[in-house]
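Student: Sequence:
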Amino acid sequence: MNLALLVQMAQRGDDTIRPLSASGLLHLQVYGVVLMFIFGVASRAVPAFTGLPRSELLAKALALALAASAAAYLVGALWVATGARSPALYRLEAAALSAVGPLFLLATWLVGIFRPAANRLASASQHHIWFIRTAFSWLLIAGGLGVYYGVRAGVDGAPISYYGLDAVRHTVAVGVASVMVVGMAMLVLPEFAIRRVRYPSERIPPLLILALLNSAAALRVGAAVATPHWISTDRYWPMAVAGGLAEVAILLFAALFVWSFLQKRSIVESQIPLRAAE
Numbered sequence: 043m044n045l046a047l048l049v050q051m052a053q054r055g056d057d058t059i060r061p062l063s064a065s066g067l068l069h070l071q072v073y074g075v076v077l078m079f080i081f082g083v084a085s086r087a088v089p090a091f092t093g094l095p096r097s098e099l100l101a102k103a104l105a106l107a108l109a110a111s112a113a114a115y116l117v118g119a120l121w122v123a124t125g126a127r128s129p130a131l132y133r134l135e136a137a138a139l140s141a142v143g144p145l146f147l148l149a150t151w152l153v154g155i156f157r158p159a160a161n162r163l164a165s166a167s168q169h170h171i172w173f174i175r176t177a178f179s180w181l182l183i184a185g186g187l188g189v190y191y192g193v194r195a196g197v198d199g200a201p202i203s204y205y206g207l208d209a210v211r212h213t214v215a216v217g218v219a220s221v222m223v224v225g226m227a228m229l230v231l232p233e234f235a236i237r238r239v240r241y242p243s244e245r246i247p248p249l250l251i252l253a254l255l256n257s258a259a260a261l262r263v264g265a266a267v268a269t270p271h272w273i274s275t276d277r278y279w280p281m282a283v284a285g286g287l288a289e290v291a292i293l294l295f296a297a298l299f300v301w302s303f304l305q306k307r308s309i310v311e312s313q314i315p316l317r318a319a320e
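Quick note: the sequence shown, position 229, residue 271 per this note's numbering, numbers continuous.
It is possible that part of the hints are untrue.
[Unchecked claim] Estimated spans, in silico, between C-beta atoms of each pair:
1) G199 with W301: 51 to 57 Å
2) A103 with A253: 34 to 40 Å
3) A159 with I273: 45 to 51 Å
[Said to hold, decoys possible] Think about it this way: if two alpha-carbon atoms lie no more than 20 Å apart in a straight line, the pair counts; the simulated SDA-like pairs of lysine to any residue are:
4) K102 with L120
5) K306 with Y241
6) K102 with V76
Just so you know, these hints were derived from the structure itself, not from any lab.
All C-beta atoms, glycine included, are put in the ideal place defined by N, C-alpha and C.
Construct the entire structure; sequences and hints are all you get.
Tutor: In structure tokens, the structure reads:
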């Protein structure tokens with residue numbers, strides 16, 4: 043699809059791919075790839091932390107429903123991109139976007155991050171679970187925004203607001219995907235696990251990263267939601283600040299990873315005498 047869009051752009055003599063043409067591809071990437079992967083990992087890993095049983099049947103049903111929703115939106119978006127203008131097509135897109143609300147609610151319940159039966163994380167890892175809780179909180183917000191913009195467009199038989207789609211996508215991309223990836227990396231990567239051996243009470247760096255990512259998501263999504271009523275160019279300032287905060291968070295995460303990687307050998311070797319003594 044991306045190659046086809048590039049060919050189409052060249053044929054038209056455009057400098058960039060038109061947003062209307064790219065809408066279906068973006069939706070497929072966000073909901074059909076990124077979220078599908080996150081749900082797959084979370085539904086397997088998080089119950090191990092919370093002591094809940096894994097529901098294989100429900101996980102498969104969620105995956106099929108999310109795939110069907112993404113496919114329905116893709117069909118509608120591609121059809122609209124060809125020049126078709128029909129309330130029925132707009133309602134198809136709206137229904138597909140609205141469907142993410144109950145699906146995201148189901149995903150949150152399936153993972154069980156807000157209803158733990160046990161706490162199986164070591165004390166040094168307790169604060170990292172807030173990354174996962176925060177990511178699924180943003181997921182619920184994304185579901186609510188999807189229902190709101192989808193239902194409104196479906197009732198009117200009109201295209202979904204561009205700024206509404208922008209708000210939902212950035213809620214997922216920054217609030218869900220970025221927070222989840224960083225949080226899971228800190229929980230499961232050996233470099234960070236070994237780091238917790240030397241610094242078991244370390245709190246400030248991970249919580250600072252979480253605060254930066256949350257601030258970035260709030261500013262970026264808030265600006266998109268407010269755009270229909272805030273049409274001055276001042277609205278780009280919170281977007282720019284959001285990008286800067288997210289960059290700082292990622293750079294801080296990368297620095298922690300590299301620092302932990304460089305210290306890994308010395309930390310492991312320092313534990314050998316302790317293990318031998320046991």
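Student: Now tell me, hint by hint, if it's right for this structure.
Tutor: So, going through the hints one by one against the coordinates:
no.: 1; hint: G199 with W301: 51 to 57 Å; in the structure: holds, 55 Å
no.: 2; hint: A103 with A253: 34 to 40 Å; in the structure: holds, 36 Å
no.: 3; hint: A159 with I273: 45 to 51 Å; in the structure: holds, 49 Å
no.: 4; hint: K102 with L120; in the structure: violated, 27 Å
no.: 5; hint: K306 with Y241; in the structure: holds, 12 Å
no.: 6; hint: K102 with V76; in the structure: holds, 16 Å
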